[in-house]
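Undergrad: So the chains spell out like this:
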Amino acid sequence: MFIPFSPVDENLYLLFPNKTELLLALTSLSFLFLLRLPLLKSFFPWFGLDIGGTLVKLVYFEPKDITTEEEEEEVESLKSIRKYLTSNVAYGSTGIRDVHLELKDLTLCGRKGNLHFIRFPTHDMPAFIQMGRDKNFSSLHTVFCATGGGAYKFEQDFLTIGDLQLCKLDELDCLIKGILYIDSVGFNGRSQCYYFENPADSEKCQKLPFDLKNPYPLLLVNIGSGVSILAVYSKDNYKRVTGTSLGGGTFFGLCCLLTGCTTFEEALEMASRGDSTKVDKLVRDIYGGDYERFGLPGWAVASSFGNMMSKEKREAVSKEDLARATLITITNNIGSIARMCALNENINQVVFVGNFLRINTIAMRLLAYALDYWSKGQLKALFSEHELSGNAPALAASYFLIPQETVRVILEPLEHSLSY
Amino acid sequence: MAECGASGSGSSGDSLDKSITLPPDEIFRNLENAKRFAIDIGGSLTKLAYYSTVQHKVAKVRSFDHSGKDTEQDHEPPYEISVQEEVTARLHFVKFENTYIEACLDFIKDHLVNTETKVIQATGGGAYKFKDLIEEKLQLKVDKEDVMTCLIKGCNFVLKNIPHEAFVYQKDADPEFRFQTNHPNIFPYLLVNIGSGVSIVKVETEDRFEWIGGSSIGGGTFWGLGALLTKTKKFDELLHLASKGQHTNVDMLVQDIYGGAHQTLGLSGNLIASSFGKSATADKEFSKEDMAKSLLHMISNDIGQLACLYARLHCLDRVYFGGFFIRGHPVTMRTITYSINFFSKGEVQALFLRHEGYLGAIGAFLKGAEQDNPNQYSWGENYAGSSGLMSSSPELCPTQRARSGTFDLLEMDRLERPLVSLPLLLDPPSYVPDTVDLTDDALARKYWLTCFEEALDGVVKRAVASQPGSVDAAERAEKFRQKYWNKLQTLRHQPFAYGTLTVRSLLDTREHCLNEFNFPDPYSKVKQKDNGVALKCFQRVVHSLDALGWEERQLALVKGLLAGNVFDWGAKAVSEVLESDPQFGFEEAKKKLQERPWLVDSYSRWLQRLKGPPHKCALIFADNSGVDVILGVFPFVRELLSRGTEVILACNSGPALNDVTHSEALLVAERVAAMDAVVRSALREERLLLVQTGSSSPCLDLSRLDKGLAVLVRERGADLVVIEGMGRAVHTNYHAALRCESLKLAVLKNSWLAERLGGRLFSVIFKYEVPAE
Numbered sequence: 001m002f003i004p005f006s007p008v009d010e011n012l013y014l015l016f017p018n019k020t021e022l023l024l025a026l027t028s029l030s031f032l033f034l035l036r037l038p039l040l041k042s043f044f045p046w047f048g049l050d051i052g053g054t055l056v057k058l059v060y061f062e063p064k065d066i067t068t069e070e071e072e073e074e075v076e077s078l079k080s081i082r083k084y085l086t087s088n089v090a091y092g093s094t095g096i097r098d099v100h101l102e103l104k105d106l107t108l109c110g111r112k113g114n115l116h117f118i119r120f121p122t123h124d125m126p127a128f129i130q131m132g133r134d135k136n137f138s139s140l141h142t143v144f145c146a147t148g149g150g151a152y153k154f155e156q157d158f159l160t161i162g163d164l165q166l167c168k169l170d171e172l173d174c175l176i177k178g179i180l181y182i183d184s185v186g187f188n189g190r191s192q193c194y195y196f197e198n199p200a201d202s203e204k205c206q207k208l209p210f211d212l213k214n215p216y217p218l219l220l221v222n223i224g225s226g227v228s229i230l231a232v233y234s235k236d237n238y239k240r241v242t243g244t245s246l247g248g249g250t251f252f253g254l255c256c257l258l259t260g261c262t263t264f265e266e267a268l269e270m271a272s273r274g275d276s277t278k279v280d281k282l283v284r285d286i287y288g289g290d291y292e293r294f295g296l297p298g299w300a301v302a303s304s305f306g307n308m309m310s311k312e313k314r315e316a317v318s319k320e321d322l323a324r325a326t327l328i329t330i331t332n333n334i335g336s337i338a339r340m341c342a343l344n345e346n347i348n349q350v351v352f353v354g355n356f357l358r359i360n361t362i363a364m365r366l367l368a369y370a371l372d373y374w375s376k377g378q379l380k381a382l383f384s385e386h387e388l389s390g391n392a393p394a395l396a397a398s399y400f401l402i403p404q405e406t407v408r409v410i411l412e413p414l415e416h417s418l419s420y
Numbered sequence: 001m002a003e004c005g006a007s008g009s010g011s012s013g014d015s016l017d018k019s020i021t022l023p024p025d026e027i028f029r030n031l032e033n034a035k036r037f038a039i040d041i042g043g044s045l046t047k048l049a050y051y052s053t054v055q056h057k058v059a060k061v062r063s064f065d066h067s068g069k070d071t072e073q074d075h076e077p078p079y080e081i082s083v084q085e086e087v088t089a090r091l092h093f094v095k096f097e098n099t100y101i102e103a104c105l106d107f108i109k110d111h112l113v114n115t116e117t118k119v120i121q122a123t124g125g126g127a128y129k130f131k132d133l134i135e136e137k138l139q140l141k142v143d144k145e146d147v148m149t150c151l152i153k154g155c156n157f158v159l160k161n162i163p164h165e166a167f168v169y170q171k172d173a174d175p176e177f178r179f180q181t182n183h184p185n186i187f188p189y190l191l192v193n194i195g196s197g198v199s200i201v202k203v204e205t206e207d208r209f210e211w212i213g214g215s216s217i218g219g220g221t222f223w224g225l226g227a228l229l230t231k232t233k234k235f236d237e238l239l240h241l242a243s244k245g246q247h248t249n250v251d252m253l254v255q256d257i258y259g260g261a262h263q264t265l266g267l268s269g270n271l272i273a274s275s276f277g278k279s280a281t282a283d284k285e286f287s288k289e290d291m292a293k294s295l296l297h298m299i300s301n302d303i304g305q306l307a308c309l310y311a312r313l314h315c316l317d318r319v320y321f322g323g324f325f326i327r328g329h330p331v332t333m334r335t336i337t338y339s340i341n342f343f344s345k346g347e348v349q350a351l352f353l354r355h356e357g358y359l360g361a362i363g364a365f366l367k368g369a370e371q372d373n374p375n376q377y378s379w380g381e382n383y384a385g386s387s388g389l390m391s392s393s394p395e396l397c398p399t400q401r402a403r404s405g406t407f408d409l410l411e412m413d414r415l416e417r418p419l420v421s422l423p424l425l426l427d428p429p430s431y432v433p434d435t436v437d438l439t440d441d442a443l444a445r446k447y448w449l450t451c452f453e454e455a456l457d458g459v460v461k462r463a464v465a466s467q468p469g470s471v472d473a474a475e476r477a478e479k480f481r482q483k484y485w486n487k488l489q490t491l492r493h494q495p496f497a498y499g500t501l502t503v504r505s506l507l508d509t510r511e512h513c514l515n516e517f518n519f520p521d522p523y524s525k526v527k528q529k530d531n532g533v534a535l536k537c538f539q540r541v542v543h544s545l546d547a548l549g550w551e552e553r554q555l556a557l558v559k560g561l562l563a564g565n566v567f568d569w570g571a572k573a574v575s576e577v578l579e580s581d582p583q584f585g586f587e588e589a590k591k592k593l594q595e596r597p598w599l600v601d602s603y604s605r606w607l608q609r610l611k612g613p614p615h616k617c618a619l620i621f622a623d624n625s626g627v628d629v630i631l632g633v634f635p636f637v638r639e640l641l642s643r644g645t646e647v648i649l650a651c652n653s654g655p656a657l658n659d660v661t662h663s664e665a666l667l668v669a670e671r672v673a674a675m676d677a678v679v680r681s682a683l684r685e686e687r688l689l690l691v692q693t694g695s696s697s698p699c700l701d702l703s704r705l706d707k708g709l710a711v712l713v714r715e716r717g718a719d720l721v722v723i724e725g726m727g728r729a730v731h732t733n734y735h736a737a738l739r740c741e742s743l744k745l746a747v748l749k750n751s752w753l754a755e756r757l758g759g760r761l762f763s764v765i766f767k768y769e770v771p772a773e
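Protein chains in written order, with the UniProt record's numbering: chain E, 1 to 420; chain B, 1 to 773.
These are computed hints drawn from the structure, not numbers from a lab.
Some hints could be false.
Said to hold, decoys possible - DSSO-like mimics (lysine-lysine), calculated; alpha carbons at most 30 angstroms apart, straight line:
(1) E:Lys313 - B:Lys525
(2) E:Lys380 - E:Lys207
(3) E:Lys311 - B:Lys231
(4) E:Lys311 - B:Lys288
(5) B:Lys131 - E:Lys311
(6) B:Lys129 - B:Lys144
(7) B:Lys202 - E:Lys376
(8) B:Lys131 - E:Lys278
(9) E:Lys319 - B:Lys284
(10) E:Lys311 - B:Lys129
(11) B:Lys233 - E:Lys311
(12) B:Lys202 - E:Lys313
Given only the sequences and the hints, what does the whole structure look like? Please build it.
TA: What follows is the structure, given as structure tokens:
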């Protein structure tokens with residue numbers, strides 16, 4: 001079982017505010033006007049929580065400019081939180097801090113610090129809340145902001161079990177503002193947005209930075225357990241176009257059933273070694289080559305899992321082949337729906353974000369290629385750096401975008417008030 | 001993607017069934033005259049198409065050669081009837097499982113005697129696989145045709161020629177099928193073919209279509225992935241599993257993510273957030289049923305979503321679905337319909353086709369028959385020779401399944417002349433001929449099915465009596481009885497088998513069955529006699545009408561029309577009277593009529609209208625022979641002619657009950673003209689024109705009328721339509737809206753129907769309508 005914060009660490013407390021009043025206060029200008037810098041520290045620690053269908057994403061802002069005076073005032077529990085979170089990379093058996101994604105020396109609300117990204121499975125949420133209760137989090141003074149469906153699902157549990165009130169934020173709002181924000185701060189000095197050149201060619205395939213200086217309109221495809229597709233026309237003007245239930249959860253779920261794998265990483269690793277053409281029926285399997293009457297190339301998949309109608313072929317495929325075919329099926333389908341939405345909305349830049357793309361170069365390159373090929377070069381698939389940093393495993397954008405935004409939403413009004 | 005079939009099936013039993021005995025009377029009929037073959041071999045089903053000729057006995061009428069004879073001899077009938085052989089063209093389609101292919105090819109070879117055919121058009125994924133077998137068995141060269149081209153040609157063909165071809169599927173409704181009346185312009189539309197993969201084709205004209213997209217997630221994905229997940233090998237079994245499963249055990253729903261809060265957020269908690277989202281765990285077992293159901297939802301939703309996206313991009317709202325994934329399976333039709341409704345918010349309609357399985361074979365046939373110009377003609381579904389739509393879920397209709405066995409048939413008759421819509425229809429796309437939908441109205445369905453069952457004895461008797469010289473008449477009549485009885489039983493269980501069930505379709509089916517057993521016109525002698533009797537009364541009736549004052553005469557003319565309409569051998573209440581009382585005549589009929597005010601009575605407005613300027617041209621649809629047409633319609637026509645109105649008198653092309661046919665009407669008109677100067681000069685000056693309707697039905701479908709009639713209506717500028725009789729003005733067209741004035745009149749000769757309309761037996765409908773300005 002996952003235990004987010006080790007119970008051994010007796011001194012660890014999270015700061016939770018006496019919430020309701022503070023939340024009201026945050027929206028009240030008059031109160032904000034009265035706010036002064038010294039008050040801000042009482043909001044520490046800065047947390048954001050995105051509770052998705054499969055994963056919980058937690059961001060934590062670690063202030064690096066703490067004055068001696070502040071340090072003296074800081075309660076012991078806060079100090080231990082900071083130490084615990086920043087000195088560990090794993091929490092319990094399933095909680096993980098993605099060190100490579102850490103955003104260093106970020107200035108937020110006049111405070112300098114590092115932004116940390118932590119994730120754990122949604123099914124460990126009850127343990128997380130239980131721990132909050134055991135550790136008496138509610139006695140601390142902070143805002144616990146949350147988004148994602150779980151913010152609603154677990155709201156009551158937070159309240160009754162942990163005596164904690166969540167500040168719920170709209171998921172899509174967070175997503176849009178988050179991606180724009182993250183693009184503006186860059187990735188530790190590098191460009192946040194990029195695309196693939198020659199995605200189909202493993203030799204020549206190149207990841208190149210993309211300057212999102214004219215972001216609008218853009219189609220934002222968020223691939224989590226399911227998929228949400230948003231058309232964004234400006235910072236405040238966006239709409240949810242559609243969604244599909246064939247998303248990351250489908251890939252992982254089917255892989256578990258078909259291959260017996262237990263983790264997303266394992267599923268992807270299998271997929272990287274498999275051959276989907278043994279599983280799928282291609283156009284050339286039916287027509288012997290291209291289907292010229294309709295301009296369909298022979299390599300295109302005619303029927304996903306189509307070869308599996310035959311007993312002999314079912315017996316001839318490996319688990320790796322099945323994992324690969326599942327990945328290709330889901331990815332192609334997302335690409336296809338995204339392309340149709342882009343056409344219907346008359347948008348030609350499509351940004352793919354979300355958990356599913358974490359350490360998932362195959363999917364990203366396939367999306368890039370499929371979008372380019374079927375749109376005859378009219379559409380461009382863009383990705384966000386946090387999904388792929390170097391060769392190391394990367395974190396999906398929604399991982400941090402939403403909590404990141406959470407932080408910003410809390411702090412932005414304060415910044416205004418502080419400038420008085 | 002085109003149906004490429006399942007290589008997983010079929011291979012097992014290819015050689016198993018060679019010994020099957022085929023009943024040649026029922027399957028592969030008319031093979032001896034067959035020419036032009038086409039075959040569509042899919043993953044599990046083979047569809048064979050051929051063109052053949054059918055010899056039918058038809059009753060022809062012609063005037064006697066009167067030279068040297070006294071025409072006024074009392075005992076002589078007004079014209080002579082001769083039974084002749086007529087050859088008509090028919091398209092045969094047979095669908096059977098691939099396992100029978102060899103047996104079927106052998107059978108065809110043995111029965112194919114005098115054909116000049118050298119080539120067989122082949123399409124479908126199996127065309128490759130069976131090419132050699134076909135060439136070897138039939139000694140015909142296999143010409144491969146493009147799958148999608150065939151599909152679309154076939155689709156256009158059925159949409160144009162078969163009324164009620166397309167239907168929407170309604171979940172939890174009884175019946176689940178709601179048929180669409182054919183749009184006069186079928187283009188443009190979207191065809192989504194769900195075979196192994198999905199092809200989305202936009203069809204713009206007869207010859208122009210474009211593959212606009214597709215998806216690899218289709219029937220093959222359901223089958224292949226389903227087989228992996230459930231270890232169930234057969235497609236039908238997978239569907240069966242799916243119909244019993246609970247997808248919520250496997251799928252992650254919105255409520256699984258949001259908890260109970262989805263309600264306050266206005267979200268539907270049952271929406272699937274992530275297909276198979278709950279199966280991402282190693283320590284839980286999932287049932288086959290639940291996984292199959294989840295897979296079905298995943299695939300159907302995905303296809304529906306893509307179809308909507310394409311429909312929107314191309315501004316289309318009609319989407320036809322086909323392919324083996326659909327093929328009459330209620331489970332898939334239900335999920336696809338749900339998905340289309342959900343994603344299009346009701347703006348796009350998911351339509352399915354009754355003969356979906358035949359599209360490829362029909363298309364391949366049409367490709368091969370291009371020099372015969374099959375598209376020049378209109379075709380009609382032959383209810384006698386076609387199996388009709390049935391549910392492919394065995395548990396839904398076990399009886400049907402057992403009886404129909406493995407073979408499914410479709411036969412289409414080539415009609416003599418092309419059919420078009422009446423130009424005077426107010427809004428052709430929304431025109432529905434039939435007044436009561438018996439598929440919908442269970443009470444009425446029960447009544448009419450029983451009514452037709454009870455009338456069957458009489459029809460059989462009449463049929464035998466109509467051919468006194470024939471040795472096998474009784475035997476054929478018995479076969480007819482069996483056939484029609486079986487049709488009625490099928491319709492009791494599956495009212496949707498031939499499209500919307502209506503009184504018209506029941507009547508038409510009976511006519512088709514009678515024809516099938518060479519009873520082309522059981523009433524020919526009755527009609528001949530009735531016409532003879534009525535002709536003798538014509539002058540007397542006209543004299544007495546002429547003696548009346550204008551206003552009195554108008555009412556008498558209308559009463560004459562109505563009294564004439566009592567003479568309907570199709571109505572049980574009347575036929576009993578006519579059988580028992582040979583003296584029952586025009587005056588007796590008048591006495592039967594309801595007194596004014598009639599059940600529907602707009603006579604005063606009609607009279608008022610007659611005081612105004614004459615109509616330019618009246619189109620009159622006549623009903624029965626004898627008293628009806630001669631003493632009712634002709635005097636009425638004569639009055640219109642005298643007013644300066646031209647008249648187009650439209651009668652059936654072929655026989656139906658005792659309805660007057662076009663050829664009989666021509667003879668009758670000739671005899672009337674001989675007695676009456678008004679009619680005589682009008683015929684000579686072409687102010688009175690006799691045309692055929694293109695129909696052989698006791699009812700009237702104004703969207704399928706002879707092209708010549710439509711042309712004439714346009715040329716003459718018809719501004720009045722008169723529809724007479726229960727079949728044409730009550731069972732059909734009662735609610736038909738026209739662009740010009742119309743008169744619908746009938747006598748209700750069925751007490752059940754009369755009661756339904758709030759009247760009694762012999763209540764009168766006189767409906768004069770003027771279109772809104």
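Undergrad: Please go over all the hints and tell whether each is borne out by the structure.
TA: Hints and how they fare:
no.	hint	verdict
1	E:Lys313 - B:Lys525	violated, 69 angstroms
2	E:Lys380 - E:Lys207	holds, 13 angstroms
3	E:Lys311 - B:Lys231	holds, 10 angstroms
4	E:Lys311 - B:Lys288	holds, 18 angstroms
5	B:Lys131 - E:Lys311	holds, 24 angstroms
6	B:Lys129 - B:Lys144	holds, 12 angstroms
7	B:Lys202 - E:Lys376	holds, 20 angstroms
8	B:Lys131 - E:Lys278	holds, 26 angstroms
9	E:Lys319 - B:Lys284	holds, 19 angstroms
10	E:Lys311 - B:Lys129	holds, 18 angstroms
11	B:Lys233 - E:Lys311	holds, 8 angstroms
12	B:Lys202 - E:Lys313	violated, 34 angstroms
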